[in-house]
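Starting from the structure of chain F, add chain L where the hints point.
As given, the protein sequences belong to chains F and L, one line each in that order.
Here the first sequence stands for residues 1 to 271, where the numbers follow our numbering.
Here the second sequence stands for residues 272 to 557, where the numbers follow our numbering.
Worth flagging that the hints you see were computed from the coordinates, not collected in a lab.
Note that CB positions come from ideal geometry on N, CA and C, so glycine has one too.
Be a bit skeptical, because a hint or two may be false.
As the list claims (entries may be wrong) - Calculated pairs, DMTMM-like style, for lysine to aspartate or glutamate (alpha carbon to alpha carbon, straight line, at most 20 Å):
#, chain 1, residue 1, chain 2, residue 2
1, F, Lys245, F, Asp256
2, F, Lys165, L, Glu544
3, F, Lys165, F, Asp116
4, F, Lys105, F, Asp137
5, F, Lys170, F, Asp134
6, F, Lys201, L, Glu544
7, L, Lys509, L, Glu544
8, F, Lys235, F, Asp256
9, F, Lys165, L, Glu334
10, F, Lys245, L, Glu544
11, F, Lys140, F, Asp116
12, F, Lys170, L, Glu544
13, F, Lys170, F, Glu222
14, F, Lys245, L, Glu334
15, F, Lys170, L, Asp482
Said to hold, decoys possible - The following residues of chain L were derived to be distant from chain F, with all beta-carbon distances above 10 Å:
#, residue
16, Ile335
17, Val336
18, Pro337
19, Pro341
20, Ser342
21, Ser343
22, Cys350
23, Pro403
24, Leu424
25, Arg431
26, Ile476
27, Gly505
28, Trp506
29, Ala520
30, Pro539
What the hints assert, rightly or not - Chain L is faced by these chain F residues, among others (derived, beta-carbon under 8 Å):
#, residue
31, Ala13
32, His88
33, Tyr123
34, Gly167
35, Ala247
36, Asp250
Chain by chain, the residues:
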Amino acid sequence: MDFRGRSQLFIVAAILVFVALAILFLRVPPDYMYENISFAFDPSASRAFAYGEQHFSSASPDSYDVGRAEYFFNIAVAKDPTLLYVHHELARISFLHGEFPDAMKQINLQITMHGDTTPNSYYIRGLIEGFMGDYADSAKDYEHFLQFDPHDWAAINDYAWVLLKAGRAKDAEVATAAGIAYFPNNPWLLNSNATALYELKEYPEALVSAQKALATVQNLTEAEWLHAYPGNDPKIGAQGLAAFKVAVADNMHTIDSAIASSTVQSKVLHE
Amino acid sequence: MSKAHHTHDTFSLRSIRVKTFFVLAFAIFAFAIVGVFSHAGKSTAGFKSSEVAFTDASPHGMEIVPASCPSSPHFFGECDVPITWTCADGTPAPNNDVNQCPPPSQPSCFFGLCPGGGSPRGGGGTPNPVCPIGYVGQGNYCVFSACPAGYTLSGTQCVRVSCPFGFTLSGENCIPPASINFVNFSSTNPNGPFIASGHLQVVPILVKSGDTVQVYWNVTNASSCSVIGTDGDGWNTKSSGTAGQTSSAITAQTTFTLSCQSLPGATPASVQESQVVNIIPVFKEL
Chain F
1 MDFRGRSQLF IVAAILVFVA LAILFLRVPP DYMYENISFA FDPSASRAFA YGEQHFSSAS
61 PDSYDVGRAE YFFNIAVAKD PTLLYVHHEL ARISFLHGEF PDAMKQINLQ ITMHGDTTPN
121 SYYIRGLIEG FMGDYADSAK DYEHFLQFDP HDWAAINDYA WVLLKAGRAK DAEVATAAGI
181 AYFPNNPWLL NSNATALYEL KEYPEALVSA QKALATVQNL TEAEWLHAYP GNDPKIGAQG
241 LAAFKVAVAD NMHTIDSAIA SSTVQSKVLH E
Chain L
272 MSKAHHTHDT FSLRSIRVKT FFVLAFAIFA FAIVGVFSHA GKSTAGFKSS EVAFTDASPH
332 GMEIVPASCP SSPHFFGECD VPITWTCADG TPAPNNDVNQ CPPPSQPSCF FGLCPGGGSP
392 RGGGGTPNPV CPIGYVGQGN YCVFSACPAG YTLSGTQCVR VSCPFGFTLS GENCIPPASI
452 NFVNFSSTNP NGPFIASGHL QVVPILVKSG DTVQVYWNVT NASSCSVIGT DGDGWNTKSS
512 GTAGQTSSAI TAQTTFTLSC QSLPGATPAS VQESQVVNII PVFKEL
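Pulled out of the complex, with its shape left as it was, chain F reads as follows (with noise of 0.2 Å):
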């Protein structure tokens, strides 16, 4: 090559790296560059699932980033399907997304494969079905997991949100009821029971009920929130708390009118 041929070559060269240093510093975020280079290096499933894990969590709202952690589940899934907690979380993305019926599929696969060993994965399951209008699966999924976390609130109110859902507002009374012993100034669980007792038509106690979810929702954090919801983007949290606080109050409001009409028609009735 001669000496043109030479330096032309050399100009197009720096060109090319100096649109990718460009590209790369402008487009890309230093951890995600990191994480890049470092996987391009190391690309095995274990780092694949951690990544995914790493942006997958409402407790890092910096790192949250449902589309990179499923980029990084698939990959993990990929190269080792047998990894311990890959199908549940595949399961929980796809479930975020609102694809129920690949939901389903990843974690049925989860539970095949790992059974109870990952007993919190028929709780998505149990999660899953109640989103698909499946409760009576969904109840026994959510029994299921209690039997491993007895005690667990979120499990138990929502074991009760599908009870409601079936029409079975006395087991949700008792199962909320049962979680209030332990957790008294829980709102979810005092808004649970409010809500079965409600349908139960046992109205003043609904209200009992409903005034201390309104109590203790008051005193409800945004990060408290959060916690409660681990695969949240932590961008909404402040709505979703604004939108529990509305759902207590307006539930106030729907007792507060049942028992005004129940005790109009009883006046009614007596004159």
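Positioned in the frame of chain F, the structure of chain L alone reads:
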């Protein structure tokens, strides 16, 4: 022979340098490609973002709020630890329920119903959020204690009626006094007038032993000022006047220090600055 050998060496060296450059360029380019294109950005297309819907309706229209605490592999067992609640006095809440704490004996407000826009306090016995002025947290209540100085009770609210000395009452707020200020002025120095900055200035700062100097300063928004010289001079005024103050005869290095006290409540509480006057050394032929 030697010249030909030298030419061959130079050519090889250049060739190696060019190759090294291309190898390095390729390596950087490869890293950039790996770093950028291995799923670089955030992808949230189609992402609903909530692990569970915020609320769901019960058969008769109540709002159920599901949670999802046990969903994460790392959260197993984290939602089964009951919180230990305490009353405002630090004692454990009866049956771990702050609603069963002793009822407050003073006027009180409950949660969002506190007067004056004050937020209710937490039910866990922690002083958060804040009670209205004059109220202290107790369990789920903000209980009236006493209005602090400068406030009076109007209905159930403490209303500000006066401010600490030096502050000015503006609506509900006490406005602090202005900070110390240095104001420039035209001096009438015997050696030629100049604009003095208002800060402590000594003219000249280099004198023969036995000479005097002029000291200038001009301060506003101060409660008091003084200028003290290490030679024993001293003036207790906020301004030197346009002519300045004349020192005693300077016979040794002298430091003049201006100290001003701010108006009550203003920041900083005081200001101090110094100037040094030196003596021109006298040389003697031996």
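Outcome of the hint check:
no. : hint                  : result
1   : F:Lys245 <-> F:Asp256 : holds (17 Å)
2   : F:Lys165 <-> L:Glu544 : violated (77 Å)
3   : F:Lys165 <-> F:Asp116 : violated (27 Å)
4   : F:Lys105 <-> F:Asp137 : holds (15 Å)
5   : F:Lys170 <-> F:Asp134 : holds (19 Å)
6   : F:Lys201 <-> L:Glu544 : violated (79 Å)
7   : L:Lys509 <-> L:Glu544 : holds (14 Å)
8   : F:Lys235 <-> F:Asp256 : violated (34 Å)
9   : F:Lys165 <-> L:Glu334 : holds (11 Å)
10  : F:Lys245 <-> L:Glu544 : violated (58 Å)
11  : F:Lys140 <-> F:Asp116 : holds (14 Å)
12  : F:Lys170 <-> L:Glu544 : violated (80 Å)
13  : F:Lys170 <-> F:Glu222 : violated (31 Å)
14  : F:Lys245 <-> L:Glu334 : holds (11 Å)
15  : F:Lys170 <-> L:Asp482 : violated (103 Å)
16  : Ile335                : violated (5 Å)
17  : Val336                : violated (5 Å)
18  : Pro337                : violated (5 Å)
19  : Pro341                : violated (5 Å)
20  : Ser342                : violated (6 Å)
21  : Ser343                : violated (4 Å)
22  : Cys350                : violated (4 Å)
23  : Pro403                : holds (15 Å)
24  : Leu424                : holds (26 Å)
25  : Arg431                : holds (27 Å)
26  : Ile476                : holds (54 Å)
27  : Gly505                : holds (59 Å)
28  : Trp506                : holds (59 Å)
29  : Ala520                : holds (68 Å)
30  : Pro539                : holds (38 Å)
31  : Ala13                 : holds (4 Å)
32  : His88                 : holds (7 Å)
33  : Tyr123                : holds (5 Å)
34  : Gly167                : holds (6 Å)
35  : Ala247                : holds (4 Å)
36  : Asp250                : holds (6 Å)
When the structure is compared with the earlier hints, violations turn up for hints 2, 3, 6, 8, 10, 12, 13, 15, 16, 17, 18, 19, 20, 21, 22 and for no others.
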